[in-house]
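For reference, the chains in residue letters:
There are 2 protein chains.
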Amino acid sequence: MTTSLEVSFIDRLTTGFLRADAQLNAPHESDAELIRLPGGAILALTTDGIVEEIEAGLYDDPWLAGWMSVVVSASDLAAVGAEPLGIMVCETLPRGAPAAFIEALQHGIADAVAAHALPVLGGDTNHSDRLALTTTALGIISEGKPLTRRGAMPGDLLFATGPLGLGSAYALARLRGEHDSAYQPRARLREGILLRHWANACMDTSDGVIATLHELGCRDALGFALDDVSRVLHPAALRVSREAGLPPWVMLAGPHGEFELLCAVSPERSADFVDQAAREGWTPLRLGTVTGSGHVALPDGNGAAQIDAGVVRNLFQECGGDADRFLGALLELR
Amino acid sequence: MTTSLEVSFIDRLTTGFLRADAQLNAPHESDAELIRLPGGAILALTTDGIVEEIEAGLYDDPWLAGWMSVVVSASDLAAVGAEPLGIMVCETLPRGAPAAFIEALQHGIADAVAAHALPVLGGDTNHSDRLALTTTALGIISEGKPLTRRGAMPGDLLFATGPLGLGSAYALARLRGEHDSAYQPRARLREGILLRHWANACMDTSDGVIATLHELGCRDALGFALDDVSRVLHPAALRVSREAGLPPWVMLAGPHGEFELLCAVSPERSADFVDQAAREGWTPLRLGTVTGSGHVALPDGNGAAQIDAGVVRNLFQECGGDADRFLGALLELR
Chain P
0 MTTSLEVSFI DRLTTGFLRA DAQLNAPHES DAELIRLPGG AILALTTDGI
50 VEEIEAGLYD DPWLAGWMSV VVSASDLAAV GAEPLGIMVC ETLPRGAPAA
100 FIEALQHGIA DAVAAHALPV LGGDTNHSDR LALTTTALGI ISEGKPLTRR
150 GAMPGDLLFA TGPLGLGSAY ALARLRGEHD SAYQPRARLR EGILLRHWAN
200 ACMDTSDGVI ATLHELGCRD ALGFALDDVS RVLHPAALRV SREAGLPPWV
250 MLAGPHGEFE LLCAVSPERS ADFVDQAARE GWTPLRLGTV TGSGHVALPD
300 GNGAAQIDAG VVRNLFQECG GDADRFLGAL LELR
Chain S
0 MTTSLEVSFI DRLTTGFLRA DAQLNAPHES DAELIRLPGG AILALTTDGI
50 VEEIEAGLYD DPWLAGWMSV VVSASDLAAV GAEPLGIMVC ETLPRGAPAA
100 FIEALQHGIA DAVAAHALPV LGGDTNHSDR LALTTTALGI ISEGKPLTRR
150 GAMPGDLLFA TGPLGLGSAY ALARLRGEHD SAYQPRARLR EGILLRHWAN
200 ACMDTSDGVI ATLHELGCRD ALGFALDDVS RVLHPAALRV SREAGLPPWV
250 MLAGPHGEFE LLCAVSPERS ADFVDQAARE GWTPLRLGTV TGSGHVALPD
300 GNGAAQIDAG VVRNLFQECG GDADRFLGAL LELR
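Going line by line, the protein sequences match chains P and S. Under numbering that gives the first Met the number 0, the first residue of the first sequence carries the number 0, and numbering increases by one thereafter. Under numbering that gives the first Met the number 0, the first residue of the second sequence carries the number 0, and numbering increases by one thereafter.
Be careful, since some hints might not be right.
[As the list claims (entries may be wrong)] If we take Cβ atoms under 10 Å as the criterion, some of the chain S residues that face chain P in the derived model are:
#1 0
#2 13
#3 16
#4 21
#5 101
#6 242
Rather than coming from a laboratory, the hints here were simulated on the basis of the structure. No experiment lies behind these values; they were computed from the predicted model shown. Glycine included, C-beta positions come from ideal geometry on N, C-alpha and C.
Build the full structure now, drawing on both the sequences and the hints.
Written as structure tokens, this is what we have:
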């Protein structure tokens with residue numbers, strides 16, 4: 000598979016940084032950093048800035064910006080199966096913003112921390128000419144091992160915690176001037192805690208499904224054979240793809256994610272896993288199978304085709320962040 | 000004392016946020032958030048954005064911006080006496096910045112984490128039209144109680160971990176076009192760990208000395224009688240104040256701090272505290288005495304005078320962030 004431009008860039012940036020002996024994960028190996036505490040428990044820690052999505056206009060509703068600032072970090076805790084302890088919120092507020100804007104933003108944060116039972120531990124406030132939000136979420140794994148991105152095996156079944164494609168559908172709808180698309184993802188904290196006991200590897204789809212598959216597979220040259228994509232798409236995503244005349248798999252390819260968890264489960268444990276999830280009130284969605292092929296095989300109306308997930312992952316950046324160029328380039332890959 | 004505008008603003012922003020039962024400190028009560036972990040140890044956590052200082056041009060040297068992004072968070076760990084575990088670094092990089100700019104920035108971060116033995120645990124990277132940095136530092140207090148801003152008593156002696164005034168002096172020199180001012184503060188982590196066993200209250204001077212005194216005193220209506228200010232100023236700060244024709248106390252009044260720790264120690268324990276610090280290789284600087292007066296008494300060449308630390312703390316914001324207006328208004332207070 001092709002290497003991720005973003006991962007290479009981050010590796011170059013951080014080459015000279017002192018690392019911690021107590022850290023259990025290598026860079027890129029898990030959605031949250033995993034630190035062994037003196038008492039033996041594992042602390043899960045993750046930090047995320049929301050800057051580019053705001054500048055691109057995706058979160059110009061301040062309530063949604065506040066909500067998303069909590070979800071992006073909480074979702075990384077979910078992906079390692081940590082019990083949430085709380086969140087730190089660093090807000091850069093636009094100077095001279097109307098009181099209603101600030102109020103809606105704070106309501107978005109307050110609603111999200113309440114919905115995720117993720118208390119606000121503290122934060123910082125700055126002023127600038129535009130909004131930017133950075134959150135840091137903290138969780139704990141008191142016993143057992145954390146869930147990381149590594150460990151999937153050929154033959155494992157690939158599941159998602161819920162229907163896919165809403166992140167791309169929302170971004171596409173917004174770029175086409177629609178404002179009624181329902182996009183309000185929730186971090187799958189409860190699901191992640193269960194997955195820690197069942198999954199071999201896990202990652203959230205914050206950067207879209209195909210980028211997530213790339214990261215889950217690239218270090219061990221794994222691939223994925225997906226089932227019928229239209230079956231796992233959220234109905235709203237399916238509708239957007241049809242209205243735009245795009246094949247369903249394109250809804251998995253955009254860099255704006257739906258914040259579900261993707262996980263690989265050993266085939267012999269899959270039935271028990273699905274049963275246990277059902278007892279907890281949710282239904283894992285079967286997405287396909289892990290393979291040793293190094294690429295993603297997509298069956299759809301035109302028959303199976305292979306795509307290089309690394310090429311898809313890099314494409315938005317290589318198109319200079321231009322959504323129309325990105326879509327055009329994406330369709331040429333098939 | 001006058002209420003801090005910043006504190007009131009933050010209280011309004013955060014009214015509706017869910018809080019954590021395991022949190023030991025109330026808002027504003029300590030430099031870092033203090034969370035009781037299941038095993039009994041206390042986690043110290045702090046997040047800081049560097050936005051306004053960069054926009055004001057104070058850190059247009061990218062190396063210094065990187066260095067400071069580590070210091071601001073590490074210093075909050077120091078003020079609660081935590082053993083550092085590590086730091087998370089969220090960077091918003093300017094699009095199209097020259098490679099040398101990015102390299103110097105990363106070197107500043109790498110040099111600071113090495114100097115403070117504060118490993119980088121993880122981070123996030125975004126791109127925008129200008130630089131912004133948010134760091135989150137993590138420390139642990141395995142036994143004993145943490146150090147907070149609360150607990151100073153009238154009669155306590157007031158100490159600083161080092162000479163004061165460099166933050167204001169650097170800002171003033173930069174605004175006057177000088178670029179050779181040596182400003183490279185270090186977080187007083189080692190000193191904070193000692194202070195936890197000796198001090199009744201502690202806070203770092205990240206927002207300047209007088210703002211720190213205000214926060215240490217305002218909730219219990221405490222005041223401070225300072226000794227001769229020129230004796231505790233850093234020689235470079237004294238030089239800048241003389242060259243600008245400003246009284247020495249003005250070097251304590253600006254909102255750009257020197258990242259020393261201020262602490263209150265019971266008079267009967269002060270001699271032993273100073274001895275212990277000397278054995279560890281540093282000299283606490285005696286700054287004055289805690290009083291029950293509710294104001295800051297400053298003796299200088301013109302005899303003692305009282306200032307309202309809350310008025311000084313709010314003044315830069317009330318002057319719209321204009322340094323010349325701020326200096327003029329400051330001098331009218333005496």
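Status of each hint after checking the structure:
no.: 1; hint: 0; result: 21 Å, violated
no.: 2; hint: 13; result: 7 Å, holds
no.: 3; hint: 16; result: 4 Å, holds
no.: 4; hint: 21; result: 7 Å, holds
no.: 5; hint: 101; result: 7 Å, holds
no.: 6; hint: 242; result: 31 Å, violated
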